[in-house]
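Enquirer: Take the given structure of chain E and dock chain F to it, following the hints.
These protein sequences, in sequence, are chains E and F. Numbering follows our numbering, with no gaps: position 25 of the first sequence is 25. Numbering follows our numbering, with no gaps: position 17 of the second sequence is 17.
It is worth saying that the hints were derived from the structure and are not from the lab. All C-beta atoms in this analysis are idealised placements derived from N, C-alpha and C, irrespective of residue type, glycine included.
Going by beta-carbon spacing under 10 Å, a handful of chain F positions derived as facing chain E:
hint, residue
1, M153
2, T208
3, G213
Ranges of calculated distance between the beta carbons of each label pair, as one might list FRET restraints:
hint, chain 1, residue 1, chain 2, residue 2, range
4, F, A59, E, S51, 38 to 46 Å
5, E, E61, F, G174, 47 to 55 Å
6, E, S51, F, R141, 19 to 27 Å
7, E, V5, F, R141, 27 to 35 Å
8, E, A59, F, I207, 30 to 38 Å
9, E, R41, F, F195, 22 to 30 Å
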Amino acid sequence: MGARVKNRLKVLRAERDWSQQDLADRLGVSRQSVNAIEKGRYDPSLPLAFSISEVFDLAIEEIFSRD
Amino acid sequence: MMTDQAAQNTGKAAGFLGRGPMFWIGLTFGTSGAVIGLILSGAIEGKGIAFALMAIPLACMAAAFVSMLNKNKSGTGDCVTKGEAQRRYIKRVAVFTSLYLASFAMLTFIDELGTLPTAIRIGIGVLPGLALVGFFWAIARLIIEETDEFMRMLTVRQTLVASALAMSAASVWGMLESADLVPHVDAYWYAVIWFAGLALGSVVNRITYGTWGHV
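So that you can see chain F by itself, here it is in the shape it has in the complex:
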């Protein structure tokens, strides 16, 4: 039988190239920021080089997903719990993240987008949004498939915090926008706020239940 200490040790050993998911996620954000900084400062010119450099954060993100799956398989780690439901969730999120990034890049980098027929523009324009819908579906499936009732409750609490935050932001900003007091914000930002709400919900779980949950 595995002791608490042994489990923790195994958790430290699992991951990808000896590093856990948080390391790779941090590296993803760090390298993304560096590449975006280079683009915005004008140090990089041309979409080809920008595309090539964006492969670095994408590789880090792929490493983060592999690290999560390895942690899940070893059954240890506080932020990545074991279980088939969680494993399926990580895979689904990896797929929808890839779809989102690919479709968003297509939307950003196709110069001739404005000249294409409306039907094709709608088709390309709707893809990143559908990928985000995929994230919501993945979380719903996790709640349905999770057999550990405590972890399921933590996920439900996270989604409640996220929904409260996003809906509150939409309500307040929308009213201020109607009164011409604040600039317009595209509606997809409320999905971004919702995902930030998941992180906030995780912190709330840590404070009230002593564990982060697993979304």
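Chain E with its partners taken away, still in its complex shape:
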């Protein structure tokens, strides 16, 4: 298995008091997708990572980092 990616999705979401469904709606994906990314089970594609960074108004590297 390749190198995994860590993310701060859960913390960022909690700071904004958003549920997984709230974030999913903003991203136009399913709640299951947000859950899988948040738990580190699935690494998003670059386009989805850019969408996440836009939703949180942060740079990608402020959200994602190497494990």
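Expert: Chain F alone, transformed into the frame defined by chain E:
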């Protein structure tokens, strides 16, 4: 904004007559088994009564599809996810299931099939197979149209598991059949195994990614 809890509650409320798809699918299998049991035991005689009774599981199946569409519309539920691609997939599967059942019933219940001209027999005989091809097409369209990359990946994984299972079964059984070690199995059963493989793929997804996927 909808909270996780509210979404779950809405998911429970959606469906058909207050019940989710799994309830109606279970009822479809249960009533089908009961009717087939009655036919095989000889309790029902005559195709007319058997046909009439088969309307019960068909009604349950129709309720399952309506329940799925309602769940899809409400955007909740773990086994039925929201999205236009998924909605189109459910509708396509409903159409091809209806075509399959109608054509299969025609094939089973036409007594004079053997006496009909070859061209007509081929025409009737090929219909259930074409309906199954429709299922494969519906899954292919779902993979193409799905905009949620994670859900698309889960569907692709399910089809890979299904293909591996069906092709393995065909290879092993085919070789054993060539060696006259096992009885002949009609080739369409490998399509049935493929669909069972989709269910297995769903379980694999649940174990490895924490969600069933949506086929």
